[in-house]
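Asker: Here is how the chains run, residue by residue.
There are 2 protein chains.
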Amino acid sequence: MSILEDKDPQLTPISTYGEFGLIKHLTENFSFSNPSTEIAVGDDAAVIDANNQKVVVTTDMLAEGVHFNLGYVPLKHLGYKAVVVNVSDLAAMNATPTQILVSMAVSSRFPVEALEEIYAGIALACERYKVDLIGGDTTSSTSGLIMSITAIGLENSENLIKRSGAKVNDLLVVTGDLGGAYAGLQILEREHAVFLANPNMQPEMEGYDYILERQLKPEARTDIKKILTELDIKPTSMIDVSDGLSSEILHLSDQSKVGFRLYEEKIPMDSLTISTAEELNLNPVMCALNGGEDYELLFTIAPDDFDKIRNHPDFSVIGHAVDLDQGNYLVARGSNELIALNAQGWDAFLKRKES
Amino acid sequence: MSILEDKDPQLTPISTYGEFGLIKHLTENFSFSNPSTEIAVGDDAAVIDANNQKVVVTTDMLAEGVHFNLGYVPLKHLGYKAVVVNVSDLAAMNATPTQILVSMAVSSRFPVEALEEIYAGIALACERYKVDLIGGDTTSSTSGLIMSITAIGLENSENLIKRSGAKVNDLLVVTGDLGGAYAGLQILEREHAVFLANPNMQPEMEGYDYILERQLKPEARTDIKKILTELDIKPTSMIDVSDGLSSEILHLSDQSKVGFRLYEEKIPMDSLTISTAEELNLNPVMCALNGGEDYELLFTIAPDDFDKIRNHPDFSVIGHAVDLDQGNYLVARGSNELIALNAQGWDAFLKRKES
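Read top to bottom, the protein sequences are chains S and R. To convert, note that position 291 of the first sequence is 276 in the numbering used here; the numbers rise steadily by one, no gaps. To convert, note that position 112 of the second sequence is 97 in the numbering used here; the numbers rise steadily by one, no gaps.
If you're looking for bench data, these hints aren't it; they were derived computationally from the structure. A few of these clues could be false.
One copy or two, it doesn't matter: identical chains are merged, so the pair holds either way.
[Unchecked claim] With a cut-off of at most 20 Å between alpha-carbon atoms, the simulated EDC-like pairs for lysine to aspartate or glutamate come out as follows: (1) Lys9 <-> Asp310; (2) Lys242 <-> Asp308; (3) Lys242 <-> Glu13; (4) Lys242 <-> Glu263; (5) Lys211 <-> Glu23; (6) Lys9 <-> Asp239.
Next up, chain S with everything else stripped away, as it sits in the complex:
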């Protein structure tokens, strides 16, 4: 049973703490691992010592009922994932994540213990990615839970990688495998629907471990920076796969002014993703193209770098850049038919639950 359904009178209403007390209570046990963190929570603003480096900043807002469903997402995982999503954006710039600010609006349905669970997940992610929590805000809301995260990274200018540097003939490369997070979400939604229909039914989650973890506890590929340095490769453009491969390719196309050919047979997918998609009557490739939330890195490299990367287990070469006027197409397996790539992505405004 989750904290939110628990009617235990031992749970602490948020109003016990008040505005200042609550953020202090939730953040007081966080430690710091970056020398650039000079002032954290507790003054009017946090201070970062940039030491002649570029300061890279990203922000994201996550809303209950839109980005997550607390019916099947544990609070601790939610906190962890909220950090990962932002750290992933910094990794996509090739920047080193250093600090994070977390704000939350919560209804009185949430006891303090629920927020503590979320912060436990945030703390775990801060430790894993060596980022320091330096600020935030908590407020009440008239309904639901909304989280807003801002993440900061530092980097030498020459290391930063934008979305805009891809050239014609560059190779399109992706890390890891795709579509798993979306397949995992489908299993969670199916079992949640079963549970709502009959609370005595046991959810059937066994055997889906890998894709459930891809959905509930994704990791940002901060490891890729080091690997690319060791291989002596500097990508010409880079983005993270948060909204689906198709949407990300269109972003690189738009900002680099090139088109792309993506080869269906080259898209890396785990066998569990494929079998689950088929079990659910979904096209596995569509899970990779439009599913999103894989948080892998998608980048382009000069054709000369192909030999450095071709047999590396972390990377798949999935396509190449063409002239912008040749457009963005998926080259179908077998037939070589060209299918236009669309930015269906993961659209919060089309997905919303409110009528």
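Given the coordinates of chain S, work out where chain R should sit on it, guided by the hints.
Answerer: Relative to the frame of chain S, chain R by itself:
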């Protein structure tokens, strides 16, 4: 009539744009005024060139029904104020505001035109304070409007002023006048209640201009930095008055490890604030102590600096620091009675509307 009540079919549902399109649409006409802004909206993260300065970051979350009521707060003012609140936190560190990120969660009750109004106010504040909009996120929510703002400033280390530097015998100084924003809020709430009871009644706002502007269109005291430099004064500690004078004094006390004596007769208040408070049967001093949202700066200076500041129209010396074990007290007018200062502040969790 406001955009939100307008049933005009010409208004554009947010879903028309989708997630990427909306933030692009809302931010594409923003210009930049800081050389430190290197990459803004459009890549995975924004990039700031810190040029060997400290990077100062603050964040704030504003929720409909908690921090503002769209029944009487125009959307454009809301956008303006959201920026001001954060710029004020940077001014309280004596840092120069340079960039801002704005995220919003909105229900489908809001058409695109409503968000455009909010962004028009944000744009006005960006222009006024010379800050660049460099990022943000928009998402749907199951109810209401939530805004999350992160503001960034740059500053040389030697100029930064923390909350923690006040020493015993330092003088306590405040800019401008206090309590006006709270008095203005009371008038807005009174007239809104009248309107709800009888929509044909005309609101009686005439003659309240100054305090209504203090509430609806406050300004951050970014001008104070220059004035203090010209007077050759460096405050020993500083904070902005967002939650009420009483609460801010307790923050300085807590972080500087000193107590304070605040003289009731010295608290600067506009005559309209005093007369409005009396009309509403409120104690004017309580409006200053616990009202908040004045966004003036409260700071301490060494006793030797008194002559530099004593007759300056922007400043009022309102008290002094004592040993921590002497506590924090208001010295009552006439009687010299000591009244303990409490952090009643403006507590979002006690004020919430939800049952």
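Asker: Could you run down the list of hints and mark each one as holding or not?
Answerer: Status of each hint after checking the structure:
1. Lys9 <-> Asp310: neither (55 Å within a copy, 23 Å between copies)
2. Lys242 <-> Asp308: within (8 Å within a copy, 65 Å between copies)
3. Lys242 <-> Glu13: Close across copies (19 Å), not inside one copy (47 Å); limit 20 Å.
4. Lys242 <-> Glu263: neither (36 Å within a copy, 65 Å between copies)
5. Lys211 <-> Glu23: neither (26 Å within a copy, 25 Å between copies)
6. Lys9 <-> Asp239: So lysine 9 and aspartate 239 pass the 20 Å test across copies only (13 Å; inside, 43 Å).
Hints 1, 4 and 5 from the list above are not met by this structure, while the remaining hints are.
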